Structure formats: C-alpha cells, structure tokens
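Please construct the entire structure, taking both the sequences and the accompanying hints into account.
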Amino acid sequence: MVNRLCNPLMYYETMFYLFGDHKKFYRDVKVAHDFSSMIIEKKREEFKSRQRAGKLDEQANKRKRYAMLDTLFYAEARGVIDHQGICDEVNTFMFEGYDTTSVCVIFTLLNLALHQDIQEKCYQEVQNLDLTTLSIFEFNQLEYLERVIKEVLRLYPSVPFIARHCAQTTEINGLILPPDTEINIHIFDIMRDERHFPDPLRFDPDRFLPENSVNRHPFAFVPFSAGSRNCIGQKFAMLEIKAILVGILQNFQLLPVTTLEEINFENGLVLRTKENVKVQMIKRKK
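Here the sequence shown stands for residues -2 to 283, where the numbers follow the working numbering.
Treat the hints as calculated values from the structure; they're not laboratory data. Bear in mind that the values here come from a model prediction, so they are computed numbers and not experimental data. A portion of the hints provided could be inaccurate.
Here are the simulated DMTMM-like cross-link-like pairs (lysine to aspartate or glutamate), alpha carbons at most 25 Å apart as the crow flies [to be verified]:
| no. | residue 1 | residue 2 |
| --- | --- | --- |
| 1 | Lys232 | Asp201 |
| 2 | Lys39 | Asp79 |
| 3 | Lys40 | Asp201 |
Restraint-style ranges between C-beta atoms, simulated for each label pair [as the list claims (entries may be wrong)]:
| no. | residue 1 | residue 2 | range |
| --- | --- | --- | --- |
| 4 | Asn125 | Glu10 | 54 to 62 Å |
| 5 | Leu198 | Leu266 | 49 to 57 Å |
| 6 | Leu236 | Glu10 | 20 to 28 Å |
| 7 | Leu266 | Arg199 | 41 to 49 Å |
| 8 | Gln247 | Ile173 | 41 to 49 Å |
| 9 | Arg192 | Tyr9 | 34 to 42 Å |
Ideal Cβ positions, reconstructed from N, Cα and C, are used throughout, including at glycine.
Right, dumping it as structure tokens:
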C-alpha cells in the first residue's frame, strides 16, 4: 500500500496490475476483510438471539444507548445501511483506530517529557482523578490535557495526508480540477502554516484556548479530516488517548531521551519515525 501511494503511476489499476505487487495486496486485503466479516456475522447472530429474547431494549435502557454494532444492525433492518456499509464502518474502527491512537500517545509523551512545565500542568489537572470511575463528562472537563493533545495532533497528525475524489469541475486559485481527479491533501503542512499558527514549530497548547481559536479558519486544524468524510471515531479516540495519558501521568514523571532533532519521518499512511521514540518514565512517589 505504501509503495503504491509513493508511486503515482501505480494509482492506475492497470499499471498496478501489470507492474505492481497486486496479488499480495489483494490477498492481504481479503484477509483483513474476512476477519472483520467474521466478527460482524458472529455479532449479528448474537444480536438476533438477544432480539428474539427481548433483551435488547432492556440493555439499551440500562446503558441509555445501543452498542455500536447493535446500532448498525438496527440501521440495516430499516434499510439505512447495507452489509457492505457495516463492514466499512467496522474496518474503520478496527484498522484505523489502533496505529493512529498509538502515534498520538507516543508524540504526546515525547512532548510532555520535553516540556516539564506543560507536563506539570497536566499532572495537576489529573492527579486526583479515579481512573476506574471516570465518566465521559469528567473526561471532557480535562480542558488543558485536551489542548495538549490537540497541539500534538497539529504538529504530528497521526495521518499526515487525506485523499479526496473531485466529483465535478472545480477551480482553486485559477487551477482547474476536472471531474474524477484524485486529490491528496497534505494536512501535515496545512497545520504548520504560519498564517494560521504563528511560530508554527513552537509547542503551545494555549493556541487552542477559545480566545485564540475564534478567528482561525475552520479547516486550519483538521487532524481527523473534515466534512462529511471526517473520522467517525474522533470522539472515541480523544477519550481513549485521555484515559491512557491520565493513567501514565498519575503514576510516572516523564523525562526526555529522544530529542526533536533526532526524529526522522518515514513515508506511510500513518506518521512513523525511522527510529523508536523514547522517554524515561520515573515512578511517582505517592
């Protein structure tokens, strides 16, 4: 996949079939899709079993909402989505939510280690929280930690570019894009544009204070993409990242090992470094 993305000639299916490693590519895709389809079918049978037993409404009332797959199965029954649509949603969560979240956590730990004052502010915000009983409401109250995460995503977006398909003739700054043009949008550079983020390489979570964001272009900060095709799991990802960071910050002080000068990025779907990013974790005294 990465090799194909880095070679524009391979974007064309015929060229990829003739000169690319198409057999391995589609074999690997089939393995991934078969795995997600197996999970969906297993959960569909469980859904039907609970539906027949009348347990779904009871469980939903206790939780105030249905689980993700249950919601999709209900939508399927109403004709809102088909089996392929369910597979697409599940694939998004399974295959796009793991690496992207871990990349954000890695770069957050690195920047907290490099900026001890910012790390201390985060620690003061989370030190007295009970991670075993935290609610979504309480997670949403971690405003400074959220600004830190957003600043990390600005500088180190887990997915450094997004793709769009031009549906109709479009003109941008005098450039005519014909229909069916495939467009790669390099959000890594967009979010380091000094027109929107002065001194863009400086790590400053306060860029995301309300008063500092009010006049910013709505598409200047797009780590989860934007529009109708934005990331379906962005709210879940933010909660997941916060939970991991709260657990780490409550128990460890972070000290730097890797420096920013030592970081070299690799080409890929997800932002990766050629060498491991390292921090030192010192157990906090309770």
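Structure-based check of each hint:
1. Lys232 - Asp201: 22 Å, holds
2. Lys39 - Asp79: 17 Å, holds
3. Lys40 - Asp201: 44 Å, violated
4. Asn125 - Glu10: 54 to 62 Å: The hinted range 54 to 62 Å holds for Asn125 and Glu10, with Cβ atoms some 56 Å apart.
5. Leu198 - Leu266: 49 to 57 Å: With Cβ atoms ~24 Å apart, the hint is violated.
6. Leu236 - Glu10: 20 to 28 Å: With a Cβ separation near 39 Å, Leu236 and Glu10 fall outside 20 to 28 Å, so the hint is violated.
7. Leu266 - Arg199: 41 to 49 Å: This hint is violated: roughly 28 Å between Cβ atoms.
8. Gln247 - Ile173: 41 to 49 Å: 55 Å, violated
9. Arg192 - Tyr9: 34 to 42 Å: About 35 Å separates the Cβ atoms of Arg192 and Tyr9, which means 34 to 42 Å holds.
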